[in-house]
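S.K.: Below are the chains, spelled out letter by letter.
2 protein chains.
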Amino acid sequence: MTDLTQMGQRAVAAKYELQRLTPREKNGVLARAAKLLTDRTEEILAENARDMRNGEENGMHPGMLDRLRLTGQRMEAMAQGLLQIAELPDCVGEVLERTVRPNGMEIEKVRVPMGVIGIIYESRPNVTADAFGLCFKTGNAVILKGGSDAIYSNLAIVRVLQDALEECGVCRDAVSLIEDTDRKVTAEFMRLNQYVDVLIPRGGAGLIRSVVENSTIPVIETGTGNCHVYVDRDADLEMAADIIFNAKTQRIGVCNACESLVVHSSVREFFLPKLAGRLREKQVELRGDERVREILGEECVPACEEDYGREYLDYILSIKTVDSLEEAIDHINRYSTKHSECIVTKNPEASEKFLREVDAACVYANVSTRFTDGFEFGFGAEIGISTQKLHARGPMGLRELTSYKYIIRGNGQIRP
Amino acid sequence: MTDLTQMGQRAVAAKYELQRLTPREKNGVLARAAKLLTDRTEEILAENARDMRNGEENGMHPGMLDRLRLTGQRMEAMAQGLLQIAELPDCVGEVLERTVRPNGMEIEKVRVPMGVIGIIYESRPNVTADAFGLCFKTGNAVILKGGSDAIYSNLAIVRVLQDALEECGVCRDAVSLIEDTDRKVTAEFMRLNQYVDVLIPRGGAGLIRSVVENSTIPVIETGTGNCHVYVDRDADLEMAADIIFNAKTQRIGVCNACESLVVHSSVREFFLPKLAGRLREKQVELRGDERVREILGEECVPACEEDYGREYLDYILSIKTVDSLEEAIDHINRYSTKHSECIVTKNPEASEKFLREVDAACVYANVSTRFTDGFEFGFGAEIGISTQKLHARGPMGLRELTSYKYIIRGNGQIRP
Chain A
-4 MTDLTQMGQR AVAAKYELQR LTPREKNGVL ARAAKLLTDR TEEILAENAR
46 DMRNGEENGM HPGMLDRLRL TGQRMEAMAQ GLLQIAELPD CVGEVLERTV
96 RPNGMEIEKV RVPMGVIGII YESRPNVTAD AFGLCFKTGN AVILKGGSDA
146 IYSNLAIVRV LQDALEECGV CRDAVSLIED TDRKVTAEFM RLNQYVDVLI
196 PRGGAGLIRS VVENSTIPVI ETGTGNCHVY VDRDADLEMA ADIIFNAKTQ
246 RIGVCNACES LVVHSSVREF FLPKLAGRLR EKQVELRGDE RVREILGEEC
296 VPACEEDYGR EYLDYILSIK TVDSLEEAID HINRYSTKHS ECIVTKNPEA
346 SEKFLREVDA ACVYANVSTR FTDGFEFGFG AEIGISTQKL HARGPMGLRE
396 LTSYKYIIRG NGQIRP
Chain B
-4 MTDLTQMGQR AVAAKYELQR LTPREKNGVL ARAAKLLTDR TEEILAENAR
46 DMRNGEENGM HPGMLDRLRL TGQRMEAMAQ GLLQIAELPD CVGEVLERTV
96 RPNGMEIEKV RVPMGVIGII YESRPNVTAD AFGLCFKTGN AVILKGGSDA
146 IYSNLAIVRV LQDALEECGV CRDAVSLIED TDRKVTAEFM RLNQYVDVLI
196 PRGGAGLIRS VVENSTIPVI ETGTGNCHVY VDRDADLEMA ADIIFNAKTQ
246 RIGVCNACES LVVHSSVREF FLPKLAGRLR EKQVELRGDE RVREILGEEC
296 VPACEEDYGR EYLDYILSIK TVDSLEEAID HINRYSTKHS ECIVTKNPEA
346 SEKFLREVDA ACVYANVSTR FTDGFEFGFG AEIGISTQKL HARGPMGLRE
396 LTSYKYIIRG NGQIRP
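Just so you know, the protein sequences line up as chains A and B, in that order.
My numbering puts the first residue of the first sequence at -4, with every later residue one more than the last.
My numbering puts the first residue of the second sequence at -4, with every later residue one more than the last.
Treat the hints as calculated values from the structure; they're not laboratory data.
Mixed in with the good hints there might be a few duds.
If several chains are the same, the list does not tell them apart, and a pair holds so long as it fits within one copy or across any two.
Think about it this way: if two alpha-carbon atoms lie no more than 25 Å apart in a straight line, the pair counts; the simulated DMTMM-like pairs of lysine to aspartate or glutamate are [as the list claims (entries may be wrong)]: (1) K104 with D85; (2) K104 with E162; (3) K348 with D85; (4) K348 with E89; (5) K104 with E371.
Remember, predicted model here, so these are calculated numbers, not experimental data.
Kindly produce the complete structure, drawing on both the sequences and the hints.
M.R.: Okay, structure coming up:
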């Protein structure tokens, strides 16, 4: 069994080394890693083929197999991702605030790396390189625990990353992968708070719930998005249909897709048939309450209570009728996973009330929820979307992988 | 048994009400609460007397009894504390960042309340009013779980706070107290992540460890401080003795007191006898390694390995000799609880290296560690000192009790 204590201690030793690297040195490692990923594509693809064979033999779902598969093109994208991270500004060391106290001591609040970051993720092997790139750029050591389905791919990628570190004179422990796929090891990893400063789970709702319930390491909860679009009585209905069509169908398996429509009763008669027409193109199943079915008839199946709490990640949309903005806000605050919520309205009072009172990481007025994404927000890259309120909320870029410390300089101040 | 689910739901309902209050309305409640605490001092003191009697009957330690005791003066200080919080600037709603993306959508990052804050604390009843004041000022509902020793005092104080809320037309559920002192209820409270956004334990190391290990709510770990002062070869030794005397003896039971001295071997011969002389005034017990005992002889008992990891909270100081700055940094990073660490030196290269490489919330050059405190940092008030890296680090004032959300305004942007 993997000796996690030893792995933790080595990562801690690495974190002190990483915080001494200059931005240029860090970017040099990222460039070297990108080069090696390209040069050694064949080696990685061969290991990926082993994972693919195992997946096929185990009857893995075709969608999952596709997420697992690496190709020359995907390897190239992985390498490019590291180069893009290298080009982003280095935020470590940034002075966030500075004050001089009446007794003359100077207090600086300075951005520092977290230290050691743990990441638990599911199948996609490209996360391995991405997560390393983001953590390394911010001066953090990272311990990865990938899905057992991708173990050979992940091992090969980490070996290449470690070789790049070593070639640049940086210790290999800046990134490590837990090879053991036993669940007990994962459980032990979640309790490694002596060495790991923060744990970020990336994956489905089950994985995230398990981490939140069992981890003693501070967790940043990412992920599940039961995102609503509310069509107000004063909505531009063309715009509303465009936004819902986009947020529901542009990509269905993502956390910022729209899962539920909340519609004001005064527009439902005109709006719902129009929307249903649009969604028919993509064969979206509609599940609505009684007042929706009065309008759409057989085209809409009855929604049960449970539907309003579901993240379908599929061509399904639940629909709820409300009689007021307040009722819409209450409904959304009740069922929301606090990810991304949208109002469509031409009435600025209504939109400002919605933006203020809906409790979610990202609240939109007249914009598709699909924009909740680090690249779309201009962060350049992201490690995930946080749905909790501690530390970071919404898309998490480089800054969200840092902490701060207070540095106090003086000349002998003592407390009276 | 207390119905925690119901209490959680009521706190969630309250949080939506609180986020609609204006700064003036919130300050009005704080002023009213201060007034009522003063007016109803007799009522609270009578309940406190019940706790004191129980404490005496149960053989409570005199130091603990003193912490539990309320007096007219302490009640006045409690009321003044709320008035001081009312006078601090309101940070909720502050726009932290604003960007306009190429597609025209405008993104604002806005400071918002956390929502519902849970606080678990030990005996001192003044925490009840303080915690309410800080949470309420930042628009948060708060659920309190105080020590069973102070239950009658806490109930009386919360009743007064709730009456103040009601008189100002705000729902009483903005503050609630878990009356049940059963440990099972505390365990259940720690798993109330469906309703509580963040949990802050305040108390001894045992309480904090228990919360970190058992909570499914995101925790801000506060507290334990095994704080070091390192006396460099280039230290001003007068200053070093003043700082250590202050950090060790000015108040011994606090988390920012100095617990361990790290001394460069080249100054120990001259410095240690000098320091021992100063500390003799306060009868501080010294526990040192062999090289310290060579100098101090019988005045210093041998330190065992365990001593270097202890937060004594007493008139005891451990002493470790090192031969270099690097060794000092390694020793401190090994035993530190990441609270407050100090170097005394006239050499700016040494101090900058120490400030950069020591991993702690607050790192000091030539300043007593006793300044790690919200008031001393100019925050005006604090809820505790965070020793973790997530969200908030070091003294936590009002801003640290808030989160943020992204507000995106547009005119129909959809994702291509």
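S.K.: Between copies, within a copy, both or neither: which fits K104 and D85 at Cα up to 25 Å?
M.R.: both (17 Å within a copy, 21 Å between copies)
S.K.: If the cutoff is 25 Å on CA atoms, where do K348 and E89 land: within, between, both or neither? Let me know, please.
M.R.: between (35 Å within a copy, 16 Å between copies)
S.K.: Taking 25 Å as the upper bound on the Cα-Cα distance, should K348 and D85 be classified as within, between, both, or neither?
M.R.: Between. Shortest inter-copy distance 20 Å satisfies the 25 Å Cα cut-off; intra-copy 37 Å does not.
S.K.: Could you figure out if K104 and E162 sit no more than 25 Å apart (CA to CA) within one copy, between two copies, both or neither?
M.R.: Neither: 34 Å inside a chain and 41 Å across chains, both beyond 25 Å.
S.K.: Classify it for me, K104 with E371: is the Cα-Cα distance of at most 25 Å met within a copy, between copies, both or neither?
M.R.: between (29 Å within a copy, 15 Å between copies)
In this structure, only the earlier hint numbered 2 is contradicted, and the remaining ones agree with it.
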